[in-house]
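My numbering puts the sequence shown at residues 59 to 409.
Everything labelled a hint here was simulated from the structure, so no lab data went into it. Predicted model, so just to flag it, every value in this text is computed and none were measured. Heads up, some of the hints might be wrong.
Calculated lysine-lysine pairs in the BS3-like style (CA-CA distance at most 30 Å, straight line) [unchecked claim]: (1) Lys212 <-> Lys286; (2) Lys232 <-> Lys213; (3) Lys183 <-> Lys65; (4) Lys213 <-> Lys183; (5) Lys286 <-> Lys109; (6) Lys370 <-> Lys154; (7) Lys287 <-> Lys213.
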Amino acid sequence: MATKSLKAQGDELAVSNKQLEILNGGIFADGELPYFKDKIDQIGQFPLRPKKLEVLQINVGYMCNQVCEHCHVDAGPDRKEIMTRETMRQCLEVIKNTGAHTLDLTGGAPEMNPDFRWFVEEAAKAGIQDFIVRSNLTIIRANKKYYDLPDFFKKHNVHVISSMPHWTRGKTDKQRGDGVFDKSIKALQELNERGYGMPESDLRLDLVYNPSGAYLPGDQAAMEKDFKKALKEDFGIQFHNLFAITNLPIARFLDYLIASENYEDYMYALVEAYNPSAVAHVMCTNTISVSWDGWLYDCDFNQMLDLKVASKIKHIKDYNEDILNDRNIIISQHCYGCTAGAGSSCQGTVA
59 MATKSLKAQG DELAVSNKQL EILNGGIFAD GELPYFKDKI DQIGQFPLRP
109 KKLEVLQINV GYMCNQVCEH CHVDAGPDRK EIMTRETMRQ CLEVIKNTGA
159 HTLDLTGGAP EMNPDFRWFV EEAAKAGIQD FIVRSNLTII RANKKYYDLP
209 DFFKKHNVHV ISSMPHWTRG KTDKQRGDGV FDKSIKALQE LNERGYGMPE
259 SDLRLDLVYN PSGAYLPGDQ AAMEKDFKKA LKEDFGIQFH NLFAITNLPI
309 ARFLDYLIAS ENYEDYMYAL VEAYNPSAVA HVMCTNTISV SWDGWLYDCD
359 FNQMLDLKVA SKIKHIKDYN EDILNDRNII ISQHCYGCTA GAGSSCQGTV
409 A
């Protein structure tokens, strides 16, 4: 397991232009595989356009207490990019006036932003329909100042979505680091104690699965049954839904693919699994992603590749939903990951 982010290591893949060079070159430039643009053009979906905005996803910082090997954010303890309260205020103005029904806070570990609790308290007043915080679980056990997070989440009726690579210690720790599994189990048990994840509870607790290697996720419904059975029998843990997410060839996962000589095979697998019915439901069509410094993107993955929205409105301070809805969505070859098999989004499968 790495202990530093690609950025801290000075790795060339920490630069978005280098990642895009790889994604746009090689087997795509040679014509071995079709560009994503040409693939969706065959079904009349190019250019890809947004639909009604439903989700405002805000990344409050890249700082994290973990350095997971698959992380497309390249998050870690050494990442200092943190959203300021001023930018949070700009976001709050948008939250109060947007047509979006879902607010999705992410990171890094969003809880590590020093203004995280203030932001949650203020955002909760806006009465958003579904208020999500994406927690890595281990943050709840990382330090005493985070021990009360389950109570804080419950107080503000936060929908907790947490990464859980597997129901076994070995596979989880392999992807996320030694000791992660045991801390995650403890955090899930604490959330259950507050009522999170229980069958009739309104306190939503969902888990996210993503493969630990260069392969696509299996059937989401079948995996959910396996996860529920194993976690209930072994640890007494309950949760609501499992979201299966495809790893996109970005940042650390791209680095892993190249280092393990799996990049070309993985891209072939994504293209061969392309599902045209998933294209109309990819998350970039109903989501706006906001970076820690307020810039706007079509999705969280485009944010990590620094592909800002194709609109004259590019920053949260100038937010105008009508103008933003009249744009073409920026795409590249990583988009195959969202349209492979049953499709993939931050809310799981789409087709």
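How the hints compare with the structure:
1. Distance check on the hinted pair: lysine 212 and lysine 286 sit about 22 Å apart at the alpha-carbon level, within 30 Å; holds.
2. With a C-alpha separation of about 34 Å, the suggested pairing of lysine 232 with lysine 213 is violated against the 30 Å cut-off.
3. Using a Cα cut-off of 30 Å, the hinted pair lysine 183 and lysine 65 is violated, with the two alpha carbons roughly 36 Å apart.
4. Using a Cα cut-off of 30 Å, the hinted pair lysine 213 and lysine 183 holds, with the two alpha carbons roughly 12 Å apart.
5. At most 30 Å may separate the alpha-carbon atoms for a hinted pair to count; lysine 286 and lysine 109 exceed this at roughly 34 Å.
6. In summary, the hint linking lysine 370 to lysine 154 is supported, as the alpha carbons are separated by about 22 Å, within the 30 Å threshold.
7. Only pairs whose Cα atoms come within 30 Å are accepted, and lysine 287 paired with lysine 213 is accepted, the gap being roughly 29 Å.
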